[in-house]
Structures are given as structure tokens and as C-alpha cells.
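There are 4 protein chains.
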Amino acid sequence: MEIGLIGLGRMGANMRDRLRADGHTVVGYDAAPGIGDVDSLAEMVARLPGPRTVWTMVPAGEITRGVIDELAGLLEEGDLLIEGGNSRFDDDDRHAEVLAARGVAYLDCGVSGGVWGRTEGYGLMVGGAESDVARAMPIFDSLRPAGPRENGFVHAGPTGAGHYAKMVHNGIEYGLMQAYAEGYELLAAESRIAAPDKVMTAWQSGTVVRSWLLELLVAALGEDPAFAAITDYVEDSGEGRWTIEEAIDHAVPTPVIAAALFARFSSRQDQSPAMKAVAALRQQFGGHHVHASSED
Amino acid sequence: MEIGLIGLGRMGANMRDRLRADGHTVVGYDAAPGIGDVDSLAEMVARLPGPRTVWTMVPAGEITRGVIDELAGLLEEGDLLIEGGNSRFDDDDRHAEVLAARGVAYLDCGVSGGVWGRTEGYGLMVGGAESDVARAMPIFDSLRPAGPRENGFVHAGPTGAGHYAKMVHNGIEYGLMQAYAEGYELLAAESRIAAPDKVMTAWQSGTVVRSWLLELLVAALGEDPAFAAITDYVEDSGEGRWTIEEAIDHAVPTPVIAAALFARFSSRQDQSPAMKAVAALRQQFGGHHVHASSED
Amino acid sequence: MEIGLIGLGRMGANMRDRLRADGHTVVGYDAAPGIGDVDSLAEMVARLPGPRTVWTMVPAGEITRGVIDELAGLLEEGDLLIEGGNSRFDDDDRHAEVLAARGVAYLDCGVSGGVWGRTEGYGLMVGGAESDVARAMPIFDSLRPAGPRENGFVHAGPTGAGHYAKMVHNGIEYGLMQAYAEGYELLAAESRIAAPDKVMTAWQSGTVVRSWLLELLVAALGEDPAFAAITDYVEDSGEGRWTIEEAIDHAVPTPVIAAALFARFSSRQDQSPAMKAVAALRQQFGGHHVHASSED
Amino acid sequence: MEIGLIGLGRMGANMRDRLRADGHTVVGYDAAPGIGDVDSLAEMVARLPGPRTVWTMVPAGEITRGVIDELAGLLEEGDLLIEGGNSRFDDDDRHAEVLAARGVAYLDCGVSGGVWGRTEGYGLMVGGAESDVARAMPIFDSLRPAGPRENGFVHAGPTGAGHYAKMVHNGIEYGLMQAYAEGYELLAAESRIAAPDKVMTAWQSGTVVRSWLLELLVAALGEDPAFAAITDYVEDSGEGRWTIEEAIDHAVPTPVIAAALFARFSSRQDQSPAMKAVAALRQQFGGHHVHASSED
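Protein chains in written order, with this note's numbering: chain A, 814 to 1109; chain B, 814 to 1109; chain C, 814 to 1109; chain D, 814 to 1109.
Just so you know, not all the hints are guaranteed correct.
Chain D stretches covered by chain C per the calculated footprint, using a threshold of three residues with CB under 8 angstroms from any CB of chain C [unchecked claim]:
{"no.": "1", "region": "845-854"}
{"no.": "2", "region": "979-993"}
{"no.": "3", "region": "997-1011"}
{"no.": "4", "region": "1026-1033"}
{"no.": "5", "region": "1040-1052"}
{"no.": "6", "region": "1077-1085"}
Hints listed in this document are in silico derivations from the structure and should not be mistaken for laboratory results.
C-beta atoms are modelled at their ideal positions from N, C-alpha and C, and glycine is treated no differently.
So here's chain A without its partners, still in its complex pose:
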């Protein structure tokens, strides 16, 4: 197939390579000059034969909305746009509506796999109409891992279902990472454990906790066995936050995912205003010592 790919960052560039390696013709565009095959969205659209298929892979929110609005003015009836970035699933409703007004079909596609996707394939979760999914299947089949289609690809439901599934995937990921991380700290805290990294290495085979994330953690420990070179500062992307917001909206208790999110918030605080308040309170009722800020 021929496909226009907008956004050639870490994810987009790898996806382009994987698609080309599988025989597709990719017309790549990036807002940064000199990276893409064309210099503008208009040029990209002009280079593609109709009915066109274009894939957006740019930062979620403002930028994705801007790109889709511009594309709505360039694409034609019968074209198909697949939004593969990390859009919030309710943004998909808006995107679909904007494009439908021009007769352009829309699919949302959650893409998992990170930097490993280029070689191993990407996990794909798609929302939209069955016929549009069928039409883009050659692309999905090239992006997903080898093996049975249903193990790396799902048509999750109507518009938004793909990004909703991806959002939940990422929420789970937060919980999984935090669980391993707490376990790592427990190993590191106990003097009987000679080498936490060796214990985690041994968990890769035969145990209940074996997983791809564990393999990555073992790889990281292999590079820096006690994480001496890095700090505990952890960013969070939107999807962990949205997961909790959806949990609240659906009244679903998600204590583990929320705890994982809050741990990241805490990791980025130099001083916690809340814990200052607790320290101050303890001093008030019990005369307990507080640490003066100059003691730091």
C-alpha cells in the first residue's frame, strides 16, 4: 500500500522503516525540516494516489488536533486518516467528526512497543468502522508482530475504542512497573540478599512474575546494577492520568494504578508540602523535632 506518515520522531521513524521493509510505499512528513520525504502536508497529500491513507504520529493534544484540522482541509472524500499517536480517546470523537464533515474516514489506533517495535512489531488496538479497518489491514499486518493476528492486533470497537484500550494498557503498565520497583527496593533493603539484580535475573524463567518488563529491568540492572548513575525522577505521560480519570468516571476502584501514578508525582517533588504539614502537626501536638530547612 501507499501511505502518508506524519511525524517521524522516535516512534514514527521506526514505523516507517518497518513498513518499508515490508514493501509499503511511505511518504513521510515531519514538521522539522530535512527529515521527511516532502516539505508540507499539502505536498504529501498530492503525492498519494486516492483514495488516500494517512497516519498521524505526532504529540497528542494541541499538535495532533492542529494536524488533523489541516488535513481535513487537504484530504478528499473517501480518504482515510489513522491517528496512531497517544490521543485521549474522547478526542477521537472530535477528530472523527471533523473529518466526517469532509467525507474522510477515521480510525484511532493505540500503538504499543516503544523502541522495540521496529524489530519485534507493535501491539495495535484499533477503533472505528469495520470496513475502514479491513481497508487498512495490510498496514496493520505489517506493523504488528509476526504470529496470529489476534495476539498483536485488535479491532476494539467503534471510534475511540483503540485509544481507550491503549490508555488502559498504559495504566496497567504503570502498575506493573511499580510492582517490580517495590520488589526491587525490598530486595535491596535486605542484607541477606547478596545481589538484587541476580535475583531478578533468575526470575526470568519459570516464575510467575516473568514478563517482558522484567527482562527490560534485568537489562537495565545489567547496565547499572544499583542504579547509581540515575536519579529517581520519573515523568508521567497523559495516559496514566487519564486512566484514573476514567476510573473515577466509571466508579472503578483502581488503587494500584493510582498508587503508581502518585509515586511518580512524589518522585518529582524536591520537598512535599503535604509532608511538611505532617511534620509541623507532629511538632504541635507532641513537641516532636522538625528538620529545619537549613539542615538539608
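Once you have looked at the hints, place chains B, C and D on chain A.
Structure of chains B, C and D alone, referenced to chain A:
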């Protein structure tokens, strides 16, 4: 009544003052020289008329066990020992047994109120036999706040019940403090809120969240409105930990008290090994930036 | 002062009584016929001398928005609307804008105190312009508890600050209630504790955990000492949810408030899909017994 | 090698099969008559050539302690006992001491893999002396999965290190399971998601959350796509509890593992006393409706 009081630290000294102010004769002893009325436990026992009442108010654990063992060798049949420190409630079983072998009665008494107890009275939770409680009631009545006895004193049950009740009291206290502290941080984080301290001041009357702890927090904010002078380092005493251990033992879900305890653990970590592991993991799968430890 | 009061439910009717008892003239309106002093908003507006003060006290969201839109068409330049319901604080921006277009001033006022406010006074948190707050002060002074104004009333900041403060107040309230509740369950789980209600009764004076909520819990235990007559089904209002959403927006860790919210979600589930999944997983790897749904 | 194996339940019987398949001579014993190769521990010991190797695989706690005490009286200097059950790691100190008094060596071995271990191999975590580990290596090599030894086996440290590592492994497992379970419930709660089981099926390849536990969850969903046949009742074994106790002892924040444990506690409660207390409190201050227990 006449009573021997062992341990004249912040709590013990205040209690001695309150008891004397109410007409009791207190023979105080402290391991630190020059603080007490006598120089040894033996001298204290000798000064008290039988059947004696003695009250221990020393650090929980090793020290309390040592003092009680020594007293077991000095006290006589018919004497009564009241352990008012922060003993773990199952230590009370041991204490009672050691003393019972000598014919000495035992009460455990959880004491709440901190530095304010001297003037306002202490909340008291007592475990042991009814007749022993009755015998020590003049002491309890002097220590507890004015007002109906049942609002500041309870005979909670047999041996250990007093310290169990105090342990739960402290567990609740952890949760309450953390709830206010999270609220404080939310106020401080929002630009619309001109002065978080003024909002909390206004909560002292009429609101659902009014409490003594809130008054203390307002007092603390009055001294240092943005907690600029202190750090977020928060100690925890044994009782918060024991509360979670008992929750586990009884299979009682205590997410709030546990979260409050863990927040204190986190507050004392300069770098979190767990969050380093999460940062390292994110880098592995997503190529996400980590903060080098030299960047700190 | 003269004031129009819209919404005469549990809160509104009590506030009307308190205002009248303090000498104000209240023109009350309720959508339910026969409750108010007038039969329509138009009639209420016609009855009030200009510049008018009206207070909305109706369910947050759709209904409040509808009432304010209707009032925007009835009120005149120089009038003042005070929204005292539980509006989300960012709704206040919208309300203020709608009214400003007509020259009508707007204050948002968070009101705490529940059914006790009529006699004890309400805690008030107000957002808006200083001059508008000054103008309505006679009303605020009558609604708030006796005592120093700053202990029961705060001008928290510009538009939205009042409802933001109230939202945080309610988030804290969730945490406080859950902390006491976990403590109650720990007392009830331990056989040494003869009567959990008596222990909590004794905490009302002298202890660190004394509070108004504790008094209410003791009152509830007085009516039904083991909560035998009620179930564990607990509703949540919007404000607990919004608190977590704001915590996420501000990247403030709020593990205690979130845990309290999730506990309410769980309390309303007959069967937890998540825990079914855990049960199924345990069976898969360990051959552990699951409870068939017919065993219930 | 020749080895005595005590305990032929689900785990022990499978391990015997795997060892025999790999050429070892196993003398099995079980307290239940007719299952083992011998009728008593004494007979088992008599059948084994010295220096003997015996492996205990019986329920942790009382039973394991009893068996080891009995074996201490039967084994001889130079023999080796490997405790492969789920002993608490500090029990290992006691076991080692009891046996050392008789000149019998001791290894503790955490065994993971559940019912799948017989065919796939078991993850093994061992504590004890290097020379004892070396001596038993043929057994460990047969039990662990094929592939590099260090990926399925670790000599984690001195006595207790094996069971400590296994305890942490299980704590992590709690967190992982709960993360997937929360994600499952979020998928099931959203109407856009046509089939949660299909989404999870698609996560098995290419995604960040792929793991063995996910495969098991997909298998479970394959048997019962909406878990209609089972209830949400989830047991917990000792190891999740011990993990939190150790976290407390080491002051390691473990919010995710604790939340997972508490979710299990909650799943087993028909009515939550804590949430009854919250419901009662809401009624007290707000006049909110409670559900009468007869309404259930």
C-alpha cells in the same frame, strides 16, 4: 493517692505536675540523675506505702521490659503496676505474666494528648481487671480531662486492650494528619487560592472537617504560613507500623492508614530505589530520558 | 438585607430559616410547587428591590447552569448572584462570564455544615471580587457560626476559589471519615476490645483524634452500636472525584483521599470484576480453588 | 542423585515427576497413606544412602516446623535438608539452627511456577552455604527450566535469602495481578470496548504489558469470557502479608503491593464494618440516606 512514676520525660513530667496539682503524692524517678525525687527504683518502692501503685512512662520495647523486670523483683504481692508508655499490646501479656508471678497486678494504659495533656487532660484507654481499674480510678480521674468520665477514659477490655486501643488511635491519627496534609497541598497548588492558611483557619468553625488537629495545623501555619522553615522529613513511631501489622493479622483493609505510613517512609528517602527502577524501565522500553545522578 | 434564595431543599430551607432568624428578608423559590414564597424566578426577581442579591442552592451541574442562565435573563446591571451549591469550581468561570455579559456580579460560595448548619452556622468559603464580598457580608455574617469571622468564613480568592476550597474540604472529609472507619473496624476485629463504641466515645476528650466527625460517629454508634441496621453501601458526591481530578491536574500525590474514594466505589459493588480476574488468575497458575458463582 | 521428598501434594508430586524424568531417584513420603514410596520419615531416611539429601515440601509454619524437628532426630551428620515450601524467611534461621545442632546442613529454596513447573521448570531462589548449594546443584538443575542457569536459578545469599526472595516475588505477583485486574475492569466498564477479552488477547504480543500472567489471564478469559461462573472471593497466602510486614520493617514504601493485599481482604468481606461507619457518618452530618440492612 500515692503513686510512683517512672520516667520523667516530656510526657511523664507533665503527668506528674497534673497529678500533684490534683492532690496526689507522686514519687518520681528517672534514669537520668537529678530529675526525680529518688535515685533508684528500689528507693522509690521503699518510699511508697503498700499496697503500692507505680506507673511506668518510659520508651516502649527494650527499656520498658527492663524496667518492669526490675520492678517485678522489687514490688510485693498486692501491688499494682500501670504501664502508660507506648508498649505494643502483645507486650502487655508478657508484662502481666512476669508481674503475676510475683502477685503484682497489671494494667496497661494508652495515654493520648501530647504536650497539651498537662493542662487539658489526657485521653486514657485502659486494659486489665475491673477491680484493678477501680483501685486506680483516682489517678485516672485526675489525668483525664474534666467532663464526663466516659468521654476521656475507657476501660477497653482485659490486658492489652488499652494499648490496642491506643495503637488504633494513633493509626487513625496518621490517616487524619495525611488527609489534612494532602488538602493543604492541593490548596497551595492552586493559583486561585490566595492564602491556604486563611482557608484552613476558616475551616475551624461550622465545617465538617473541624477538629483539634485542624486547630493545631492552623497554629502551625500561623507560625510559618508556608512551612518555609522546615523540611518534609517525617518520623514514624511504632504504633502506625503496628496498626498495619494488626490490620494484616485481622485481614482488615486499611488503605488510608497504610498510605499515610508509606508517605512518611517516602518523606525520609533522599532517593527512592523503587523510582530509580521505574525511571530505568521507562528508558529501556521507550528511550525516555533519565536524570543522571550528577544532574541533581 | 433582602435576598432571593433559589432551592429550598435540606440545605436551602435551613439557610432560609437561619437568615430570617437573623432579621433578613428572604424571598424563597423552589421548582417544587408550594414550597417557596413565589411561583417563578421572574416573580422572585420582581419582588426584590434593586440592586438585587440572589443565592442559588440547587443541585450542581445541569440544574445550576440552567437556573443561572435563566436568571441572567431576569437580573439587571448591578445585581449580584451568589452560587452556594456544590458547583465544580471551573463551572464558576462560566457562570461569572454569563452574568458579567449582563452586568451582574458573581460570587461562588462553598457551604459546609450539613444539617447542623441551621443552628451552629455554616462554614463559608467565597470566591470573587472584594467589593462584591463586602456587599454580601451581612448575609455571610448571618450564615456563618458565631465567633471570629475568620474562623468560619474566608474570602479565598477570585472566582472559583470558594468552590475550589470547598472541594478540597470535602476531599479531606473523605480521608478523615475513612481513617475513623478503618480504626473502627480494627477495634471491632479484636477480641480484647469489649466495646468499640465505648472506646470511640472515650476519644472525644483529651485525645489527638478528637473532632466533630468523631462526635458524629459516636452519636451514630449510640443509635446502633454495631451498625447492625445498615449496610456498607456508600455514595459519593462529585467533590471527592473532582478532588482527585485536580490532584492529577496539579500532580499532587493524594493517596489517602484517593483510597477513601475507591473504598466507596468498592462498597457499592456486589461483585468486583477485578477481583474475579484475580481469582481466575490464581486458579490458572496455582490450581487454587475459585468460588463458583452458585456457591454464593 | 538420590533424594528424599517429603510432601506429595500438588507441588511435591509434580516435582517428583520432573526429577524422576531427569534420572534422579526419588523416595517420596506423604503424611497421607498410600501416596508415597515409604510409610514413615524413618523409613525414608533408612532407604537413602548417606550423606543424604532430603527436600521438604509441606505447608509452611507449624507443619514444616514439625517435620523438620522430626527429621533432625533422624538425619545424621553430613546430611543436607532443603526446605522448598513457603516458609517465612526468618523461620529458616530456626530450621538451620535445629539441624546444625545435629551436623545437618540446611538450604532454603523458594520455588515458583505453580502447576506449570512440572513441564516448564520451576524458578528457584536458594539461601545457604555455597558448598551446600553446589552439592545439590544436580537437583536444582533438573527442577529449573531449560536455558541458562542464571535465568531460572539464583543462590540469593545466606540462610533465609531464598525464602526472602520468594516472598518478594510473591509480593510483586500480587501487584501485577491487581494491575491487570484493574485494567480488565476498566475495559469491561467502557461501552466502546466490544470485548475486553479480545483486547487482552491482543496484548500478548508486541505490547509493553505482555507477560506470562497476561497469557494466563487470556486463558482464563477463553474459558469464561466475562467470569460469569466465578465470584470475586480471593484468598491470600502468607507471603503477601509478610511482604508488607517486611516493607514496614525496612521502612520501604510499598503502596501497590499493599493495595493489592487489601483488595483481597475486601473481596472476602460480605459487609465492610468500615464502610458501614462511613455510611453512618454521612447520615449524621448530611442526612444522607443509608441502606437498611433489610434492603439488601
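Here's how the hints hold up against the structure:
1. Against chain C, the region 845-854 of chain D contributes 0 residues with a C-beta closer than 8 angstroms to a partner C-beta. That does not satisfy the three-residue criterion, and the hint is violated.
2. Under a criterion of three residues with beta carbons nearer than 8 angstroms to beta carbons of chain C, the stated coverage of the region 979-993 of chain D is upheld, 3 such residues being counted.
3. Counting residues of the region 997-1011 of chain D whose CB lies closer than 8 angstroms to any CB of chain C gives 4, so the stated coverage by that chain holds, three being the minimum.
4. Interface restraint, the region 1026-1033 of chain D with chain C: holds (5 residues with C-beta to C-beta distance below 8 angstroms; minimum three).
5. Coverage of a stretch by a chain is defined here by at least three residues with a beta carbon nearer than 8 angstroms to that chain's beta carbons; for the region 1040-1052 of chain D and chain C the count is 9, and the condition holds.
6. Proximity of the region 1077-1085 of chain D to chain C, defined as three or more residues with a beta carbon under 8 angstroms from a beta carbon of that chain, is established by the 5 residues found.
Taken one by one, the earlier hints fail for this structure only at number 1.
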